[in-house]
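Protein chains in written order, with numbering that gives the first Met the number 0: chain A, 0 to 304; chain B, 0 to 282.
Warning: the hint list may mix true and false statements.
Computed footprint of chain B on chain A, listed as stretches where at least three residues anywhere in the stretch have a Cβ under 8 Å from a Cβ of chain B [to be verified]:
(1) 17-24
(2) 130-144
(3) 243-252
(4) 264-272
(5) 283-290
None of these hints come from the bench; they were simulated from the model. Beta carbons are placed, not taken as given, at the ideal position from N, Cα and C, and that holds for glycine.
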Amino acid sequence: MATYLAARLGHGVLVTLAVLSVAFVLLHLAGDPTYLLVPVGASPEEIQNIRHQLGLDQPLWKQYVNYMKRALRGDLGTSLRYNQPVLGLVLERFPATMKLTAVALAVMLIVAVPLGVVSAVKRNSAFDQIATGLALLGQSMPTFWFGIVLILVFGVSLRWFPTSGSEGWRALVLPGVTLGGYTAGLTTRMVRSCLIEVLGQDYIRTARAKGLAERMVLYKHALRNAALPVVTIVGYQLSTLIGGALVTEQIFGYPGMARLAVQAINNRDFPVVQAFVVVAAVTVLVINLVVDLMYVLLDPRITYE
Amino acid sequence: MKVTKLRKVIARNKKAIPGLVLLSIVMVAAVFAPLLAPHDPNEQNTSLRLRPPAALGGPDGFVLGTDPLGRDVLSRVIYGARVSLLVGLVSVAIAGVVGVVLGVIAGYYGRVADAIVMRLVDFQMAIPFLLLALGVMAVLGPSLRNVIIVLALTGWVVYARVARAQVLAIKQKEFVQSAVAAGASDLRILVRYILPNILPPLVVVATVEVGRTILAEASLSFLGLGVEPSTPTWGSIAADGRDYVSLAWWVSTVPGFAILLTVLGTNFLGDWLREKFDPTLRI
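The following block holds chain A by itself, in its conformation from the complex (with noise of 0.2 Å):
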C-alpha cells in the first residue's frame, strides 16, 4: 500500500508538472505572447518594458526555466487587469466553484443512482424504458439550453429561486441541477450497465438458489460490486462537471473561479486564465488520486503490491 500511494503520488507530481507545462506552451502557441501579456493601448515603450521585466526578450528555454521555477513557488504570474498574483485570484473563488460542484455532484447520483438501480432490476419494463429515454435526453442537452429552460421556468415564471448571484442555500439550486442534469444522464446509464452485468454472474445466481431474499441479493451482493465501477465513473465525471462549471456559471453570473476565467478571456487578462486552467486541473488529479485510494476501502481483494 506505502509504494503505491507513493507510486501514484509521483504520478500525480509528474503530472502537475505536465501541465504547468502545457500552460506555458498554451501561452507561447500563438508565437510572441507580448499581445497576450500587455494591457490594450500600450506604448511601444511599455510594451518594450514589459518585455523585459517579463522576460520574453530571452531565449525560449531559459523563459521556460525560470517560469517552472517560479510556478513550483506558487508564483505563476500577476493578473494585468487586477494587478494581483493571478493564483490567489482564481483560489479566492475556488471554494465557490467548489460548493457548486458539490452540489451538482450530489444532485447526479440523487437522480442517477435511484433511476439506474430500478432500470437495472426491473430490465425492459416500462420504467426501464422512460428512465433509458431520459438518461439518453439528458446526455443530449447542452448545458447552457439546459440553464436558461430551468431559469425561465423556475426562475422567471414561478418565480421558485432566484436566477444568479450565490446568496443562500436557494442561489445554489438552479445552478446545481442545471450542471448535475449534465451529467446525470450518462451516469444514469452507467449504473444501470453495471448492475446489470452484476446481476448477471454466477454468485449471483448462487445467491438467489440459497434462497435468499431478493432484497438481500440486491443489497448485500449486487450493488456492492456495482458500486466500485460506479466510483470510477464519479471520479471521471468530476472533471466534465468542473468543464461543464464554465458554461453554469456564466449562465447564472455564479461567482466562481470559471466565470472569473471566461472574464479574463474577455478582458485579454491571460495569466488568470492560465492559472484557472492549472488550479483546475490539479483539483482534478486530486479528486482522481482520492477515487483511486477509495477503491481499496471499497474492494478488499485490491492490494497494490
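Given the coordinates of chain A, work out where chain B should sit on it, guided by the hints.
Same frame as chain A, now just chain B:
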C-alpha cells in the same frame, strides 16, 4: 409477406429510425440552407429587434422571431446547422484517424510505443477537455479552423484507448498469428487483418463522439470562444440571446433545442450501432 418482413426489420432496429430521421432533417437543413432559409441570416433590421415568433403575435414571415439585432432566428438556426455538422464531422474524422493510428501502434508494437502513447492518454485524461479547449482558444482566438483543431486535439484519446484494447485482443487470434507465421509484413497484417476487425466498435465511438463534439462546439461558441462571431452557429445564436432571456426566450432556446435534437439523433444511432456491433462496449 413482405410487409411483415419489413415490420420485423423495423422492430429490430427501433432506435435507428428516430436517429436517422433527426439527422436527415439536420443534414437537409445544412445542405439546402440557402433554399430553406426565408431570410438572409445576417440581415439586420433594427426596427424588428427581439420580436416574438409569428404565431405569438410577432411580425409575419419571422416564424421563430428575431434576435437583438433584428435578424431572423429561423434562418440563423438553419444556417447554424452547417457549422455544427461541419465541426462535428471534421473534428471527429481527424481525431479518429489520429487516435486509431496511435492506438493501433501502441497495441500492436507494445513496449516503448505503448508506454509513450498511454502516458499521453493518461495525461490528457487528467485535464478536463473543456479546460484545454478554453486555454487553446483563448490564445488562438475564435475561428472555425481553430475550433476544429482544438476539438480534434482533445478528442483523439477515446479512439486510441478503444483501438489499443481491440488490437491487444485480436493480435493473439489464430488468423493473425498464421499471417505472421506466413511472413506477411506488419503493414499488410494491420491493414488486411486487424483494421477491419477493430472497426465496428470504433464506428460506435465515432457516432457518439459526433454528438459530443457538437455539444462542445456549442459550449465554446456560447462562451464566445468558438467560430468567428459573425458566423451563425447554434452556440453563438444562443449567446446573443443570453442577456434577453426573460424578454425574448426564443433567441436562446430555439438553437439549444436544435442542438438537443441533433445530439439525440447521434446518440440514438450510436445506441443502435452498439447493440448491433458490440453490446459489451461501454463508452
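To see whether the hints hold, each was checked on the structure:
1. Counting residues of the stretch 17-24 of chain A whose C-beta lies closer than 8 Å to any C-beta of chain B gives 4; at least three are required, and the coverage claim holds.
2. For the stretch 130-144 of chain A, the stated coverage by chain B holds: 9 residues have a C-beta nearer than 8 Å to a C-beta of that chain, and at least 3 were required.
3. Three residues within the 8 Å Cβ limit are the bar, and the stretch 243-252 of chain A against chain B gives 5, so the coverage statement holds.
4. For the stretch 264-272 of chain A, the assignment as covered by chain B holds, since 4 residues bring a beta-carbon within under 8 Å of that chain's beta-carbons and 3 suffice.
5. With 3 residues having a Cβ less than 8 Å from any Cβ of chain B, the stretch 283-290 of chain A passes the three-residue criterion, so the hint holds.
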